[in-house]
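Residues per chain are reported as follows:
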Amino acid sequence: MWSESSLAMVKLLVVKDWQVYQKQLAGYLAGLVLALGLIGSGSEWTFNAGALLLLVLLVSTGFFAIGQIVLNERKERTLPFVMSLPVTPTEFYSAKLLAGVLVYLVPFLLVVLTTTFLVLYTALPDGLLVYALLIYVFMLTSHCVALSAAMAIESEGWNIVVQMALMTALSPFIIWIGSLQPIAANLLTDHIVWSPIALGVLAGELLVVAVALGWTQWHHARKTSFL
Amino acid sequence: MYGQIVEQVTAKVLAGDWSPGQPIPSIRQLASASKVSVITVKRAYLELERAGVIVTRPGKGSFVADTLDLARQLALKEFRASLDGLLVAADKLGLSLENILREVEQEVITREEATIGQCEGEGAR
Amino acid sequence: MTAAITLAGVTKAYADFALSDIDLELPAGQVMGLVGVNGAGKSTLFRILTGLIRPDAGQVVVCGHSLPDEQVAAKRQIGYASDDMRLYKAKSLRWHMDLIRAAYPGWDEAYAGQLLQRFDLRPNQPLGGFSHGQRVKALLLLSLARHPRLLLLDEPTTGLDPLARDEVLQAIAEVLRDDDRSVLFSSHNTRDVEQISDSIAFLHRGRLVAVQDKESFLDHWRRILCRGEWRDDIAALPEVATVRRNGSVIELKVRSFSEALPAQLRQLGLIVNDVNRMDLEDIFITSIRPEGAQGVV
Numbered sequence: 001m002w003s004e005s006s007l008a009m010v011k012l013l014v015v016k017d018w019q020v021y022q023k024q025l026a027g028y029l030a031g032l033v034l035a036l037g038l039i040g041s042g043s044e045w046t047f048n049a050g051a052l053l054l055l056v057l058l059v060s061t062g063f064f065a066i067g068q069i070v071l072n073e074r075k076e077r078t079l080p081f082v083m084s085l086p087v088t089p090t091e092f093y094s095a096k097l098l099a100g101v102l103v104y105l106v107p108f109l110l111v112v113l114t115t116t117f118l119v120l121y122t123a124l125p126d127g128l129l130v131y132a133l134l135i136y137v138f139m140l141t142s143h144c145v146a147l148s149a150a151m152a153i154e155s156e157g158w159n160i161v162v163q164m165a166l167m168t169a170l171s172p173f174i175i176w177i178g179s180l181q182p183i184a185a186n187l188l189t190d191h192i193v194w195s196p197i198a199l200g201v202l203a204g205e206l207l208v209v210a211v212a213l214g215w216t217q218w219h220h221a222r223k224t225s226f227l
Numbered sequence: 001m002y003g004q005i006v007e008q009v010t011a012k013v014l015a016g017d018w019s020p021g022q023p024i025p026s027i028r029q030l031a032s033a034s035k036v037s038v039i040t041v042k043r044a045y046l047e048l049e050r051a052g053v054i055v056t057r058p059g060k061g062s063f064v065a066d067t068l069d070l071a072r073q074l075a076l077k078e079f080r081a082s083l084d085g086l087l088v089a090a091d092k093l094g095l096s097l098e099n100i101l102r103e104v105e106q107e108v109i110t111r112e113e114a115t116i117g118q119c120e121g122e123g124a125r
Numbered sequence: 001m002t003a004a005i006t007l008a009g010v011t012k013a014y015a016d017f018a019l020s021d022i023d024l025e026l027p028a029g030q031v032m033g034l035v036g037v038n039g040a041g042k043s044t045l046f047r048i049l050t051g052l053i054r055p056d057a058g059q060v061v062v063c064g065h066s067l068p069d070e071q072v073a074a075k076r077q078i079g080y081a082s083d084d085m086r087l088y089k090a091k092s093l094r095w096h097m098d099l100i101r102a103a104y105p106g107w108d109e110a111y112a113g114q115l116l117q118r119f120d121l122r123p124n125q126p127l128g129g130f131s132h133g134q135r136v137k138a139l140l141l142l143s144l145a146r147h148p149r150l151l152l153l154d155e156p157t158t159g160l161d162p163l164a165r166d167e168v169l170q171a172i173a174e175v176l177r178d179d180d181r182s183v184l185f186s187s188h189n190t191r192d193v194e195q196i197s198d199s200i201a202f203l204h205r206g207r208l209v210a211v212q213d214k215e216s217f218l219d220h221w222r223r224i225l226c227r228g229e230w231r232d233d234i235a236a237l238p239e240v241a242t243v244r245r246n247g248s249v250i251e252l253k254v255r256s257f258s259e260a261l262p263a264q265l266r267q268l269g270l271i272v273n274d275v276n277r278m279d280l281e282d283i284f285i286t287s288i289r290p291e292g293a294q295g296v297v
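Chains as they are written, first to last, in this note's numbering: chain A, 1 to 227; chain B, 1 to 125; chain C, 1 to 297.
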């Protein structure tokens with residue numbers, strides 16, 4: 001199914017979407033670096049400010065990328081141009097999905113790796129790592145759900161509803177996992193404890209990612225013509 | 001529209017830009033250069049061939065015809081076309097053959113007198 | 001040589017519009033002009049030809065490839081530019097040219113450079129700053145520089161100033177040199193269609209009202225001015241498309257003229273004053289009016 005020329009076209013389309021979004025991504029990355037700097041700088045005040053900035057940016061970079069890469073093609077009417085390239089609908093949608101995930105993984109991995117480094121090698125308690133990672137993966141999950149929704153739903157209005165809902169769920173989630181016994185107990189210690197509950201939450205998040213992306217790929221790959 | 005092309009090619013041949021036996025642009029080349037459809041040029045070339053202005057040799061292309069009295073042939077063709085026009089107009093007016101001939105005779109005489117008058121005028125200077 | 005386009009029985013239905021039973025053939029090396037009002041179905045037809053839309057019924061074969069199954073192979077040979085296509089506003093024409101060059105075989109950089117100059121386009125300016133005319137020319141450049149076997153152009157000269165229009169027609173005319181390359185274009189401007197098409201198709205309310213080679217169209221239609229007393233069997237003549245009367249002056253628009261017709265009219269008691277050819281615009285408007293339309297002034 002995936003011939004060499006097929007893969008070449010998918011790569012071409014992903015690179016295209018990357019290049020279209022490049023400049024704005026650079027802006028978000030700069031903001032994230034600032035936020036991480038604040039988190040690692042030592043005082044409680046900057047930690048909180050940095051954490052808040054980080055979460056806001058991590059959410060908005062994802063949703064903005066989805067807007068630019070998926071929704072804008074319809075709005076800016078560049079769809080006919082892209083669809084007239086020698087690509088099948090399957091290649092087109094697969095490339096969209098891939099681009100939507102990859103573009104988010106860049107800031108995401110930056111944040112995860114930097115946080116891991118900061119937690120392990122600065123004064124911050126190591127126990128924070130489990131807590132932070134669960135939150136980050138929640139945001140990745142949230143991004144993948146929003147991406148799937150954007151590819152399935154044409155209406156910009158409904159996509160905003162989905163994104164709002166996901167953003168609203170973030171706060172309760174953070175509070176919830178912060179209240180879970182094994183996590184709360186180790187939060188401010190230097191013990192990294194992957195309790196069954198923590199692992200369970202992680203597994204749940206990754207499962208949702210797999211379902212959202214898997215369903216989207218399957219749904220669009222069945223199309224034999226664009227419209 | 002094909003008429004314009006017929007005129008243009010004929011004019012070039014009469015003017016001597018294209019000499020007898022010389023190859024002329026292919027149908028597609030001329031169509032492309034004049035921004036006109038191929039079918040129009042094809043039709044023009046057919047007309048030109050029928051009029052004896054050009055010849056088309058299969059596989060070799062189109063050439064200006066080598067006949068020497070080409071100019072006379074073209075003038076003759078023009079005469080016949082005008083004659084046709086004359087008769088159509090006469091028909092509208094409902095002129096009889098006698099009337100037509102009388103009109104023609106009158107016109108020829110008038111022109112001859114005008115020409116003589118001109119020569120005399122010039123001679124007098 | 002394989003036909004550039006073959007459509008047989010193509011049908012596509014939407015809620016408020018349907019393309020019905022389209023049979024069309026475009027032989028290789030020819031130019032076909034598609035004439036139709038807004039909403040006649042031209043854009044739908046183009047999208048079916050590029051494999052973007054799957055018809056409800058019928059066969060679509062473009063450049064020897066069946067659509068939409070072989071759409072990638074077909075699209076490699078097609079250059080498609082349409083009025084509703086937009087490019088990425090933040091990116092330059094040069095970026096788009098590089099994208100096309102990477103996506104297709106056969107990009108001619110030298111020719112692209114020539115077109116940039118002739119079309120007077122700036123390659124490094126973001127496309128958001130292009131005017132409508134410049135955008136149309138940019139899209140055309142992206143297609144033309146690949147030397148595609150089939151050009152599908154939806155309204156390529158609409159909204160262009162006379163200079164730009166001439167440049168576009170010239171670029172399209174250059175395709176004519178190759179007897180293996182074909183063009184299907186749609187236009188409101190019947191002058192362009194009349195000038196450069198080998199065959200012409202009228203599309204109205206999703207149906208092909210007429211398809212003929214251009215010379216036949218222009219040969220068969222006449223506008224006849226007569227005088228005399230009106231008789232109903234004048235309108236009943238099969239060749240007559242429309243009739244307009246002003247007192248004793250009768251104007252007939254006739255769709256299949258023959259030398260015998262003026263004589264027939266004289267037999268019906270009319271005096272035939274003038275027989276004129278009709279231009280394509282007139283033929284089109286007359287064709288899409290309801291059958292045997294009569295107007296009395």
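If you're looking for bench data, these hints aren't it; they were derived computationally from the structure. One should not assume that every hint holds.
As the list claims (entries may be wrong) - In the DSSO-like style, the derived pairs of lysine-lysine whose C-alpha atoms are separated by at most 27 Å in a straight line are:
1) C/K89 / A/K11
2) C/K91 / A/K75
3) A/K75 / C/K89
4) C/K89 / A/K23
To be verified - Quick list of simulated restraints, FRET-style, between CB atoms:
5) C/D120 / B/V108: 24 to 30 Å
6) C/R122 / A/E4: 19 to 25 Å
7) A/K75 / C/D120: 26 to 32 Å
All C-beta atoms, glycine included, are put in the ideal place defined by N, C-alpha and C.
Structure-based check of all given hints:
| no. | hint | in the structure |
| --- | --- | --- |
| 1 | C/K89 / A/K11 | holds (22 Å) |
| 2 | C/K91 / A/K75 | holds (16 Å) |
| 3 | A/K75 / C/K89 | holds (12 Å) |
| 4 | C/K89 / A/K23 | holds (13 Å) |
| 5 | C/D120 / B/V108: 24 to 30 Å | violated (58 Å) |
| 6 | C/R122 / A/E4: 19 to 25 Å | violated (36 Å) |
| 7 | A/K75 / C/D120: 26 to 32 Å | holds (29 Å) |
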